[in-house]
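If you want the building blocks of each chain, they are given just below.
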Amino acid sequence: MKATNPSLPQESHQFHKTRSMRKRELKNFGNLLLNIPLLLIILVPLIYTVSISLVNTDEVYKTLLFPHSIQFGNYVNAFTNPSYSFLRYIGNSFIVSTSVMLCQMVTASMAAFAFVFLEFKGRKLLFLAVLATMMVPGESTIIANYLTVARWGWTNSLHVLIIPYMTSAMGIFLLRQSYMTFPKELKEAATIDGCGNWRFLLTIALPLSRPALGALGAYVFLNTWNQYMWPLLTTDSDAYRTVQVGISMLYDIDAQSMGLMMAGVVIVIVPSLSIFVFMNKQLINGLMAGAVKG
Amino acid sequence: MARATRVPTPVLRTRKTFYQIIEPYLFLLPALAVFAVFLYYPFGRTIYLSTWVTDALGRPKKYVGFDNYSIRLFGKPDFWASLGSTLQFVGVVALGGLIVGMITSLLTYNRYKGSDFCAAVYAMPVAIASAAASMAFRMIFHPTGGLLNNLMGTQINWLGGTYQFWSVAMVTIWLQSGINFIFISAGLKGVPTELYESCSIDGANYWQRLFHITLPAISPTLFFQIIINIINAFQSFSQVKLLTNESPNSSTNLIVYAIWHDAFRAQRFETAAARSVVLFVIILIITLIQFSFEKRSVNY
Numbered sequence: 001m002k003a004t005n006p007s008l009p010q011e012s013h014q015f016h017k018t019r020s021m022r023k024r025e026l027k028n029f030g031n032l033l034l035n036i037p038l039l040l041i042i043l044v045p046l047i048y049t050v051s052i053s054l055v056n057t058d059e060v061y062k063t064l065l066f067p068h069s070i071q072f073g074n075y076v077n078a079f080t081n082p083s084y085s086f087l088r089y090i091g092n093s094f095i096v097s098t099s100v101m102l103c104q105m106v107t108a109s110m111a112a113f114a115f116v117f118l119e120f121k122g123r124k125l126l127f128l129a130v131l132a133t134m135m136v137p138g139e140s141t142i143i144a145n146y147l148t149v150a151r152w153g154w155t156n157s158l159h160v161l162i163i164p165y166m167t168s169a170m171g172i173f174l175l176r177q178s179y180m181t182f183p184k185e186l187k188e189a190a191t192i193d194g195c196g197n198w199r200f201l202l203t204i205a206l207p208l209s210r211p212a213l214g215a216l217g218a219y220v221f222l223n224t225w226n227q228y229m230w231p232l233l234t235t236d237s238d239a240y241r242t243v244q245v246g247i248s249m250l251y252d253i254d255a256q257s258m259g260l261m262m263a264g265v266v267i268v269i270v271p272s273l274s275i276f277v278f279m280n281k282q283l284i285n286g287l288m289a290g291a292v293k294g
Numbered sequence: 295m296a297r298a299t300r301v302p303t304p305v306l307r308t309r310k311t312f313y314q315i316i317e318p319y320l321f322l323l324p325a326l327a328v329f330a331v332f333l334y335y336p337f338g339r340t341i342y343l344s345t346w347v348t349d350a351l352g353r354p355k356k357y358v359g360f361d362n363y364s365i366r367l368f369g370k371p372d373f374w375a376s377l378g379s380t381l382q383f384v385g386v387v388a389l390g391g392l393i394v395g396m397i398t399s400l401l402t403y404n405r406y407k408g409s410d411f412c413a414a415v416y417a418m419p420v421a422i423a424s425a426a427a428s429m430a431f432r433m434i435f436h437p438t439g440g441l442l443n444n445l446m447g448t449q450i451n452w453l454g455g456t457y458q459f460w461s462v463a464m465v466t467i468w469l470q471s472g473i474n475f476i477f478i479s480a481g482l483k484g485v486p487t488e489l490y491e492s493c494s495i496d497g498a499n500y501w502q503r504l505f506h507i508t509l510p511a512i513s514p515t516l517f518f519q520i521i522i523n524i525i526n527a528f529q530s531f532s533q534v535k536l537l538t539n540e541s542p543n544s545s546t547n548l549i550v551y552a553i554w555h556d557a558f559r560a561q562r563f564e565t566a567a568a569r570s571v572v573l574f575v576i577i578l579i580i581t582l583i584q585f586s587f588e589k590r591s592v593n594y
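Protein sequence lines, in the order shown, are assigned to chains A and B.
Under the numbering used here, the residue at position 145 of the first sequence is numbered 145, and the numbers go up by one with no gaps.
For any residue, its number in the numbering used here is found by taking its place in the second sequence, counting from 1, and adding 294.
Worth flagging that the hints you see were computed from the coordinates, not collected in a lab.
Note that this is a predicted model, so its numbers are computed, not measured.
Be careful, since some hints might not be right.
[Stated by the list, open to error] Example chain B residues on the side facing chain A (calculated, C-beta under 8 angstroms, incomplete):
no.: 1; residue: L389
no.: 2; residue: Y403
no.: 3; residue: Y406
no.: 4; residue: C412
no.: 5; residue: V550
no.: 6; residue: A566
[Stated by the list, open to error] Computed footprint of chain B on chain A; a stretch qualifies when at least three of its residues, placed anywhere within it, have a C-beta under 8 angstroms from a C-beta of chain B:
no.: 7; stretch: 28 to 40
no.: 8; stretch: 60 to 66
no.: 9; stretch: 144 to 155
no.: 10; stretch: 210 to 219
no.: 11; stretch: 228 to 239
no.: 12; stretch: 260 to 274
Ideal Cβ positions, reconstructed from N, Cα and C, are used throughout, including at glycine.
Next up, chain B with everything else stripped away, as it sits in the complex:
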């Protein structure tokens, strides 16, 4: 009753009870508690561990400063090989995903009988787990009786040797094609049709329109999408582990797999931590590049 009579808000504000002061924080508490324990803390802990030598259970034993980076990572050719492979993989997957996404989006831009079905199929890989897809592709790439070899009449070991890198990259592009299609397709549909109208009066053909109107108009989408592809590709793990059957050669020893291998196969939690920091720094740089570009905005 008393509250109802004191309508003007300034009065309410001056007489905040203790509960009213802490209430907003109660709303935030569950989310922030989870972030604190499983995000902020492990983030700090990873950096901390990367400056120690740890035992087989990951407990810090001896402070070594920057040694884990300088000696155990940067000093080893393995690390640079892994980083190089990761960058190559990321480049192939980011571009491949973008190209597939671009083609599928253009193919379904106009509506015709069956276009909705095609669009649904092109988006579908977003729903499929990388682990499940990797197991399916293991059968497709099977060296003696897999689909690919049966179709080609060959007995190639697609999951080993020089083919391994491309097999893992192709599966990753397949997995990424759905999200590429969804975003680029949305970008294409956002291009104002007036842009095309003036052009069709001028008699420009399909390819001229594509390169002079469509691509520049959706360049912000493409840029955003390539960043997403890069970040996702950096995080590839299950396809590496499952397609290579835990034995990637140096071309497929990607960074997240190497982190996992350091920790759970070599019991070297300190190098796993240091590698994790390297991964974080790389992703941070990419994110910052994205932010700075977004502020300047890709030409529109």
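Okay, chain A solo, but in the shape it has when bound:
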């Protein structure tokens, strides 16, 4: 353009710039426009759920996405009505998820430590044994597990929700991956300095594998919080019910219970989404490691 119009360099330059800017804006707008259908498909169910939880009872069945009126009765009801005990479900889920998360951090970091830093007979075989657990879908052993814990009288307790999930192959792999990036001399130097294995794990390996621990923690907490089938089988008393089972117990018989049900859904989704928002990187790293598992 400059070559063909040397007499008007200023104008042509300006013309070119504004046109390219407008073109870029248009392209940006076009890109966003293309996203709209799928954004709606993902977001509308969530927005609608929030709306139903807020709307007056007589509008529940008429609501189109956004509420006309707003009331917080369903939330007040969920937290204060003695027949729902939502606070207890949340407390239970919080205790269980936190315990499972901490236990997995401990067991996985110990096992990964042994596989990476220690020499012992049967190391390959035991590693294969851990690898093999990834081939077994949890649903195929869930009936036998239920029968075991029922025989032990463990049903209706919090430990029945925690103990079976105290370790995972995914956690062991994640931490093993992290330990394997340590320089070999690190462990040797520590041993020569008289640093024992436990102390090495606690004071050197764990702090250095913080990113992996964060990924494991976010992933495991979320997974446990979202768990449905195992708590459904092993708990049927209100005292040990977890959030996901708790909300699924609410029935959609009338408009009022619909509102309450949606308030319950919002209440249990908020912690999940908080992890997604505030620990996004860790969660996605954990997911990427976890998806390898069957």
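With the hints as your guide, set chain B onto chain A.
Below, chain B alone, put in the same frame as chain A:
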């Protein structure tokens, strides 16, 4: 002190104390103990129970060998209907998830104003529990006053009849779309840009580039992702139970739901166990297919 003077490692190795020998196993003990009790044992126990007739409490009463499979499962048309529905469901969900993941990944491949927001929204379903989402979709699919019927001005019973299968499948695709987006998007970003550069010189358009460069380049990712989708879809349970209100018709009587129903509604722990073994074998075959393909590596 004594340890500090004996620096050379070979000396240390020859004089291992008893504790030093067992120490590695102590590190492994917690993990392996949990695996032993809640994974290896129930795995064996499931196979064992599948060859017995059990009582209502799941205790083995009479050894019947292969009868639970041959008579109580394979001999019943119900079993084949359930398996067929499961395969159909898995196919729809695995492909649907892949397509949604592919579209969302391509839409957010280039950075522009708002692309980060779109990417966050597309990944979001990974955080949402299937139980919670199922309850929300129950309202959306409500036959008289749900969002879908309100928008369309209809009164369709989406959660029953022929619609049931598609409703459950759509919710499952919605739930799976996040993980599909995350993996396929990561795969797309891993394609070396030089591949595109040579192509843009040749004047290839967007679709030519997509089909001749992008798709072949990310085929390993897509293959891996479809395996994950298949395995996840096989394990669907809460959406079946909650969306159908515990009354799936034969098109939605998926295998994990059938296992649960055998055990906790019909008190037939032996068929639940046998069905669990069938599920395990199917997943094993899929995993082995994945391993063998990964060794050969999908073309790159």
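Here is what the structure says about each hint:
1. L389: Since chain A brings no Cβ nearer than about 17 angstroms to B:L389, farther than 8 angstroms, the hint is violated.
2. Y403: 10 angstroms, violated
3. Y406: 5 angstroms, holds
4. C412: The hint holds - B:C412 has a Cβ within 8 angstroms of chain A, the shortest such distance being about 5 angstroms.
5. V550: Constraint on B:V550 satisfied, holds at 5 angstroms.
6. A566: 5 angstroms, holds
7. 28 to 40: holds (count 7)
8. 60 to 66: holds (count 6)
9. 144 to 155: holds (count 6)
10. 210 to 219: It is violated, with 0 qualifying residues against the three required.
11. 228 to 239: With 3 residues closer than 8 angstroms to chain B, the stretch 228 to 239 of chain A meets the three-residue bar; holds.
12. 260 to 274: With 8 residues close enough to chain B, the hint holds.
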